[in-house]
Every structure is written in C-alpha cells, then in structure tokens.
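Trainee: Below, each chain spelled out in residue letters.
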Amino acid sequence: MKTTDLINTSYTLGFHKPEVYQYKSPKGLSEKTVETISGMKGEPDWMREIRLKSLSYFRDKKMPSWGADLSGINFDDIYYYIRPVKDRASRWSEIPEEIKDTYDRIGIPEAEKKFLMGVSAQYESEVVYKSINSMLTKKGVIFSDMDSGLREYPDMIRQYFGHIISPTDNKFASLNTSVWSGGSFVYVPKGVRVELPLQAYFRINAANMGQFERTLIIADEGSFVHYVEGCSAPVYSTDSLHSAVVEIIVKKGARVRYTTIQNWSKNVYNLVTKRARVEEEGIMEWVDGNIGSKVTMKYPSVYLVGRKARGEVLSVAYAGAGQHQDAGGKAVHLASETSSQIISKSISGGGGRTSYRGLVEVAQHARGVKSRVVCDALILDGDSRSDTYPTMNIKGPSPTLEHEATVSKIGDEQMFYLTSRGIAEHDARAMIVNGFIEPIVKELPLEYAVELNRLLSLEMEGSVG
Amino acid sequence: MNPEYIINPFGKSSTREFTVSSGSVIIVQEPGVNRIDAAIHITGTNCDVQMIILIAGHSSDNIIITTQQHHVSGGSRSSVLVKSIMDDSSHITYTGMIRVEKNANRTDAYQRNDNLLLSESARVVSEPVLEILSNDLRCTHGATTGPINTDQVWYLLSRGIDKKEISGMIARGFLLDGLKNIDSPAIHAVRQRLEIL
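Chains A and B, in that order, give the protein sequences.
For the record, in the first sequence the residue sitting at position 346 is 345 according to numbering that gives the first Met the number 0, with numbers rising by one throughout.
For the record, in the second sequence the residue sitting at position 142 is 141 according to numbering that gives the first Met the number 0, with numbers rising by one throughout.
Extracted from the complex, chain A is given alone in its bound form (with noise of 0.2 Å):
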C-alpha cells in the first residue's frame, strides 16, 4: 500500500455528517451578509462598525505575494455564516442527536470523564455546549465563546479586540475581523494559576463554510493558563476555508501557553494569523502542530514589549500528497534583555512540501536580546519538497543570535544501526521520525502527544521503500 492511500484511508475523522442549521447565509460576502451576521447576534453598534470597516479594508487588500498558492480560493463560494441551532445547550443531553454523535466520535465526552476543567465545543459557527469548572468560576477565571463573551463582558473585549491583530493587518485578518463567528474568549485575574488545560474542540461541517473563529486570551499579572485547541474536519469535495484570529495578552510575569493540533481534512485552505503581546518577564508559549489541511499558512508570533520577556514557538508539520504546511514563527524583540526560541520540526513525504518561514526582529533600543532559531526538516521521499526561508532583521545593539536549519533524509547510517539491532525496517523509519519530532511532542498533553504519534505511525507506514 502507498502513504498517500494509508493517509486517505486512516483518515477516520473524515466523516460527512447531514447539516443541521438554523440559518446559513447566502454565498459570498457583502455589506448585507455582515451586517446579517452581527444582526443575529444581537452585537453593539461599534462592532458592527469594526465588522463594516473591516469589510472594506479585505476588500483594498491584495492576496499576499509570497507563500503558498492561493489561486484556488473563490471568495465568493464560500457560506460565510451558519448557526447550527438556536440555544446554546449547557447539559449534554440536551445537544441534537447528529452533533452529539460527531463529538462521540472526537471522544468529547471521554475528556469530560478524564477531569477535564473546561470544554467549549464549536461545531460549524456557534458554540453549541460548553461546560466551565466550578472552581474556576470562583476564582475569577472567565472561559466562555467569544459571542457570550462579547454579550457579557463588553469593556473587556472593546478594550482588547483588534488591538493585538488590527484589522488592516493583512487581508484574512480582515476577513475574519469582518465575519468572525465563534471561538474562545478566556480571562484569568492576577496570580490565578489554571493547572489543567483548557480545551476546545473545533470543527467545519458544512460544505464550502468558512470557518472564522475569533479568539482572546488575556493573562492578567502573575497568573498561567495552558489553551489547548485541537482541529479536525471531515472531507469534502470542495475547497473549505478556514481563517482564525488568535489574540494574547501576556500581562507582567504571567504564563501563556497555547497548544494547537491542525487535522483539517486535505482540501481546507488554513490561514491562521496568531499573535501574542507578552509584557515584562511574561513567558508565551506556542506549540503548534500542522497535520491536516491542503495549505497552511501559520506563523505564531510574540511581540516581546517589556524587559525579560520571552517567548518560544515549538512547530511541527506534516505534509503528504498535495499538501503545503508553509508554517513558522516570528518573535519580535521590542525591550531589552528578552529572549525567544523558535524550534521547527517538518516533514514531508508522497510528494508533499513544507516550507519554514520565519523572522526575528530586534528593535533598535532593544539591549542583551537573546534569540535562537531551530528548524530542522525530514524528506522522507524524491517527489517531496523542503523549504526554509528564516528572517534576521537586527536593529538593536548587541543581540545574540544563533540559528541552525538542518534539511535531510532518514541517515543510511541510522537505519544500519538498528536493522542490525533486529529492528524492522518500518518500525525503524517509523523510531527515526518520532524521535526527529520527539522534542515538541514532549511539550504535549499526554492525549494530544500519543494522537500525533499514532497519526504520523500511520502515515509513515507505507512509506517503506
């Protein structure tokens, strides 16, 4: 058997479920269907306006010229709203019967059982069931939809939304500025430490749905959350989008770290922008992995703004037959005696390509930046591809840099040394790129890390020569 058969045939999350909806906008995108939009959800004057507005910049913005190709996005194909039902639902039993046997099949219940603290589900545009802790009620600790949020604390999100991702920041930022439907909204007080993650499960059902989660995150001073997003759609005939919008504020010595598992189904166009805002001696975290998807284009970035900030971005992707995971990082050092890490992992096998694009950037009176930038790249086969195209642009005095990138197949040496162990050659390729992976996969919840394994495993293990 052939990876590209194994990865279509072990794809078991690529099920068609029927649509079921309360209303669905017309295709394509006009003044009428935002306003529609932000009509529904009964939404304050000045965020229609930054819808409207927003409308207008995607409009003057032009594709961006570099990265993957975007030439088979129609814009006006897409179904920019879907409401699913009408309520929200806060207990299980009270969820229709098709969308509570999709998440059986994602296991969301199991992870209720598991102790979880919070679990936002999102199918199509509305987040249908959501359950919060108790005891992070109590203390303070706000993790709702990005709707409810906007419905039950609007100072808070007036005073946040935009401001780290503006609006004109690039044309999908635009989009999703203009459309955006869903997503998490999360506040923790100062000093509020949430040990366990908090944890979203997303999903596209309907057919050409744009999918435009809106998501903010606001740390206050001294306190930690671990955000844990993970992503998976089942397979359609035609072209999906899904375009996100991920904001951070990481206030004084606070903690953010947030995890993300892509595994679009292989025709949804990804295009994420993320973004955090880490004040001083804040840390942020991003640990994103890229499976799924026909093109990706993430680059998780920190904006370092106050002294003894850090930020790292830990990146690994995945790409097969006709995928391109074009992902990265940035980190931006705007204060002195910062420091970030970027480490990428990819691999690309059955004729797929993965690119690593990434900048640092030092600002001019930044003293004592610290920056060290990893990424390293397995090409499991001929008709596959590896790209790297890091960034230094320098501005500040005196920074320290250091950055390696490293292209290469499995080491004919490698595979000598454990065949004559009595290892079989599968099991060997498979050993080899689970360690290749083996240092972002140790930064995973324990679930998440034991699915990235099992998904590479299965997509590696046709690929024997």
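Keep in mind that the hints are not guaranteed to be accurate.
As the list claims (entries may be wrong) - Covered stretches of chain B (in silico footprint by chain A; criterion: 3 or more residues with CB under 8 Å from a CB of chain A, positions within the stretch not fixed): (1) 120-132; (2) 167-178.
As the list claims (entries may be wrong) - Once the Cα atoms are required to be at most 30 Å apart in a straight line, the calculated DSSO-like pairs of lysine-lysine come out as: (3) K265/A / K101/B; (4) K82/B / K369/A; (5) K394/A / K163/B; (6) K162/B / K408/A; (7) K163/B / K369/A; (8) K162/B / K369/A; (9) K82/B / K394/A.
For the record, the hints were derived by calculation from the structure and aren't laboratory data.
Here a beta-carbon is modelled for each residue, glycine too, at the ideal position from N, C-alpha and C.
With chain A's structure known, arrange chain B on it following the hints.
Mentor: Quick look at chain B alone, frame taken from chain A:
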C-alpha cells in the same frame, strides 16, 4: 584532484558566477566594494567546493552580500562561510541561497554566516534561503550574530594586554579563523592583509 584556489576574483566587478569542479574561492572584501554577488554552480559529481567571504564593515558602509550554492548534479559537496566584523554604524545584508535540483542526490551543502558586532550601532540582516527539491541529501546552515564575548576580553586583560588593542585582536582572530583549514601559500597575502586590518 588538486584543489585550486581562486583568491579575490572580483577586481572592479562585484558579480561572479563560478562553474567549478573542486576548489576554494576566497574573497576578502576590498575597501570600497560594498556589494558582492557570488554564485557557485555545481554540474559535476564528486566535486568539493568551498567559498569563504571575509568582510570588515566600517563607518557608514552599507554592505550587501549574496551567495548561491546551486547543485545541478548530485554527489557533490559545497560549503559557504561568510564572516563579518562590523564596526561603527556599518550595515550588512547577507542573503545566502542553497538550491538543490531534483536529481542532485547525495548532495551535502553547508552554509554558515558569523557576524561579530564591534559597535552598538552596527546592524546585521542575515537571510539564508534553502530550496531543496531532492530528497537524498544533507543540507545545513547556521548563523550567529553577537558582540565580543566579555570572557575573552577579561582573559586578555588579565594577561596584561592593553584594553585599546583587545577588540582589534579579537576581530582579527575572528576573521582569520575562517581560513584555518586553507593550506596554500597563495593565501599568505590574504593573511597579511587581515593582520594589518
């Protein structure tokens, strides 16, 4: 095969394309030459090519360096080393491309860029680009940028060396280190030039 040495091949022009079998290209920036574009095309097998570029930036120099390691055929090794010492408010922009074509299997390509900052207003932009279309290869690049190590300064001070001489001494050593594996009388003149830098 005896390696050949091509030393300072530019003269007045600053762009050169080399189609080489085996050998070393050593370029020490001439004063006033602020742009160097050098490309190595490897079309044979079992070639061993290295290129070393040494740069010293002063006053308000704006130096632009591009290198290309283009492996058209397989089974060869290439390495590029760009070392710079940047003083005053000089700027350097280095773009280093490694491109390995589809059938250039068993390629081993290496690229390294080390920059030593002698002044707080010196600036470095280092942009390596790797485009790999083959799968049976090893391709590595590394870049470092940093100020003079304070431990080294302390060591030299403790040996009674005049503070004024120290940064020049470290900077010369930094550049000369790039030539440590070159064993040819032809680079004697290059070494001498660096000594008086």
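Trainee: Run every hint past the structure and note whether it holds.
Mentor: Each hint tested on the structure:
no.: 1; hint: 120-132; result: holds (count 12)
no.: 2; hint: 167-178; result: violated (count 0)
no.: 3; hint: K265/A / K101/B; result: holds, 25 Å
no.: 4; hint: K82/B / K369/A; result: holds, 20 Å
no.: 5; hint: K394/A / K163/B; result: holds, 26 Å
no.: 6; hint: K162/B / K408/A; result: violated, 49 Å
no.: 7; hint: K163/B / K369/A; result: holds, 27 Å
no.: 8; hint: K162/B / K369/A; result: holds, 26 Å
no.: 9; hint: K82/B / K394/A; result: holds, 19 Å
Of the numbered hints listed earlier, those contradicted by the structure are 2, 6.
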